[in-house]
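Chemist: Assemble chains B, C and D onto chain A, guided by the hints.
Protein chains in written order, with this note's numbering: chain A, 1 to 64; chain B, 1001 to 1058; chain C, 2001 to 2187; chain D, 3001 to 3578.
Everything labelled a hint here was simulated from the structure, so no lab data went into it.
None of these values were measured; they are calculated from a predicted model.
The reader is advised that the hints may include incorrect statements.
[Said to hold, decoys possible] Interface residues of chain C toward chain B, partial, derived using beta-carbon atoms under 8 Å:
1. Ile2003
2. His2004
3. Ile2022
4. Thr2026
5. Ala2035
6. Thr2132
7. Phe2135
All C-beta atoms in this analysis are idealised placements derived from N, C-alpha and C, irrespective of residue type, glycine included.
In case you want the letters, here they are:
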Amino acid sequence: MRISRSGLLILIGILIPVIVELRTLFDMLGIEISVAGTLLIGVLAIGVIVFWATLPEPDDSDAA
Amino acid sequence: MSSAIQEQERERELGHDEFDPIGTLALIGIYFLILASMWLFMYFVEFLGNGPTVVGMI
Amino acid sequence: MNIHRYEKLWLVAALVLIVGFIATITYGSVGLGIAMIDDEAETVNPEKLNEHEDFGEPGVKQVGENEYEVYVRAWQFGFDPGSVEAGLDPIEVPANSTVTFYITSEDVIHSFSVVGTNINTMAIPGEVSSVTVEFDEPGEYGILCAEYCGAGHHTMEGKIIVHPEDEYAINGTDVETGNDTTDETEA
Amino acid sequence: MGAYIDHFPREAKLIRSAFYTSFIMLALGGIFGVIQTLHRTDVVRFIDSADYYTVLTAHGVFMVIAFTIFFLVGMFTWAVTTSLERPLEDMSFSWLWFLMMTVGAVITGVTILLGFVESVDVSADVLFTFYAPLQAHPLFYIGLVLFVIGTWLAGADWFRSWWAWKRENPDERIPLPTFMVLTTMIMWYIATLAIAVSILAFLLPWSLGIFDHVNPLLTRTLFWFFGHPIVYFWLMPAYMMWYLLLPKFAGGRLFSDPLARVVFILFLLLSTPVGIHHQYMDPGIAEGFKFIVMTNTMFLLLPSFLTAFTVVASIEHGARQRGGDGYFSWLKSLPWREPAFTGMALAGLMFAAGGFSGMINAGMNINYLVHNTLWVPGHFHLTVGTAVALSFMAGSYWLIPQMTGRRLASKPIALLQVVLWFVGMTFMANSMHRSGLIGIPRRTAEPQYQGFEFEAALGSVSELNAQLAIGATLLFLSLTLFLWNMLITAFNKSAESPGENVIPTPLSGPDDSPAVLDNMKLWTAIAVVLVILAYTLPLASIVSRGGLLGRGGDAFPVSIDYLALFAQVALESAAGLV
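The following block holds chain A by itself, in its conformation from the complex (with noise of 0.2 Å):
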């Protein structure tokens, strides 16, 4: 793990508004994403996060 558990839920937490805000302001400058994009976008940056974390660490242990 490269952050705490606790650091990937809080992670994935702020994640989830900036998520939804972006589709907002992609909106207000004119860009409109779907729900399915969203969705795919949210699951996406979710995953892409998760990988990393769980990647080993790259040297001395930091572990939680």
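Modeler: Relative to the frame of chain A, chains B, C and D by itself:
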């Protein structure tokens, strides 16, 4: 959480004069920019673009 | 007092924001002429609206070349005129006109909120809201009550129809306004 | 040294009772909240739309009167006793005010809930704002009066402690936590004066049939005289936690004690003379008064802006002491696995967003865009619904063990709970703000009209509704987790030391600040003068226009039976006109 844990995790002791809250300044600077731009957007796009508005007796 | 220089910087920035907000609003009021609902209209007795010179016969009145006055009574649960669902006329005005709404309530506090616009006022028994608006384009607007007014609050709605100018001159004055007058004398 | 309960076992019992009462109110408010959301979004409807307003009144009153203020009295008692290091002067007096508040809350609560029972002719579907001529059963007002008097006595209790302490320590600065309690209570005394006049002089006699009518604009203005400062009354205990506990949880110290004092004084001075900003759309109040109130309101942003800096800097101090570095990477050094810390930090983040929508509400003419739309509940679900409620819940994870001496049942679930609240509120607040911008009204059982439709700028209305319903469901789930955790903790057999009940000393202490900051009489006097300046002319104008008791107009007792009657009358009068 007990203060014992905090003592363990504390790596150094910073007094008032040794501490510059530069991170706070950075965060709050971003907040300032968001507030200013969102305000302008809300007033000039959302509000003024929202069709008939109450005007004074001219 | 010992205030950190970053905090002083933020204090100044915060004040700039606050003054900026006030300046924007002032620009809207003075520069763009956006008026607030105020205390300009006379008060009325909500029990005696039927005897009132204007609210006794609510409806659209032409007062100038492109100027109209609309007297609206809000009640549980509708607008008169406006509430088509309750069998009343919609509010009908021509495009390119300046319309002043006079709105009061005969029972509890309501609101007169025109959906998708900045026309929004409270309707308070005893008080009269005077709201002047310019309708440039033809179209239809929904009116709703946005202030909780009792168990049927969610059914309280109305309609404004802004007719094209040329159609209103024929249909509007002759038919619609004419209808209003006959209706009200009968009532 | 030790937990709070070790020092003040009697006070701990009182505070515990206040917290538990507030949790019961939170549970009730939450149930009504989720019923209401699912009804108005047309996801699940099992109540009649006419009953929606009973649900809404219950949600509002249980949440913002009972939950918040019961928590506040517990929190303030903790703050005064801890910082003055002395027990309350007379426990029987303390129990008296607690009892009085409870009796008042129960009377008002039961009166509201009787709205569901058609066979009993008692109801109070007047919402939290109880605008006349909508009229509740007299018991609704009587309960409120008892509750408010209870809070007055509670304030007297804390002042009493301070006076006793001052006699023994004449030359010392008021400890910051007590300072916060005193300034907040002075604000509360000034504010509640208006609601006392409104209820005792007008609404209660009127509901008892002594007067035939009241001046609706007058009682409405008196309501907002009280109704704006009450939002700061909810907020101050949360601010107190951010100033006193959050730096401690972060492993740091409060950045500046003097600025904290300045902030609380600004709240005392500016909270009350701004209430008319809830009435920008009201007839009968001159535009000039509205403008003055707007400038006051905008300057009221200042203490919150200052708080944002001081609190974030205090957290950063903790992070740097824990080895944090850089412009942003210090954020990683914060104790994110502590639910008490994480909850409050997320609450503060949401408050920053809520602050923005509050600025829009405060803007005089832009208010046309959002007034009484769903935008407004969107705003206050970020402020009172998250900044306050989530801070209270997060604080409870530390405070309840302090008051009981028992270990928190589950830390991981607590952490999940605060994150869930944050996520749920994201959906709910985003949906509400966007719905408000397209004109969907608040306080409405079914915002689906016959003659027109709302046009969503992005997506569709049903999508916005779905977002709202998902948000409410997540929030309800989060609330359930919180209450369950608290319940298990209360009966937890494992008594583990919950840590020291110590508030770390600030980096910049009170000695740096001028002594005049502690002059309560001076600030009270200035606050009163500002209120007189802001309210005399508008109130005089309202009374001279509409009469002290109004110029006619019936009362409208809210009860389901009347609906049929009104519908009939309406149809008849409509038929008569056509």
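Chemist: With reference to the structure, classify each hint as holding or not holding.
Modeler: Consistency of the hints with the structure:
A cut of 8 Å between beta carbons decides the hint on Ile2003 (chain C): the least distance to chain B is about 11 Å, and the hint is violated. For the restraint placing His2004 (chain C) at the interface with chain B, the shortest Cβ-Cβ distance is roughly 7 Å, inside the 8 Å limit, so the hint holds. Interface hint at Ile2022 (chain C): violated, since its Cβ lies 11 Å from the closest Cβ of chain B, which is beyond the 8 Å cut-off. Given hint, Thr2026 (chain C) at the interface with chain B, is violated; its Cβ is 12 Å from that chain's nearest Cβ, farther than 8 Å.
The interface hint given for Ala2035 (chain C) holds, since its Cβ lies 4 Å from the closest Cβ of chain B, which is under the 8 Å cut-off. Taking 8 Å as the C-beta cut-off, the interface hint given for Thr2132 (chain C) holds, the closest approach to chain B being about 6 Å. The beta carbon of Phe2135 (chain C) comes within 6 Å of a beta carbon in chain B, closer than 8 Å, and the hint placing it at the interface holds.
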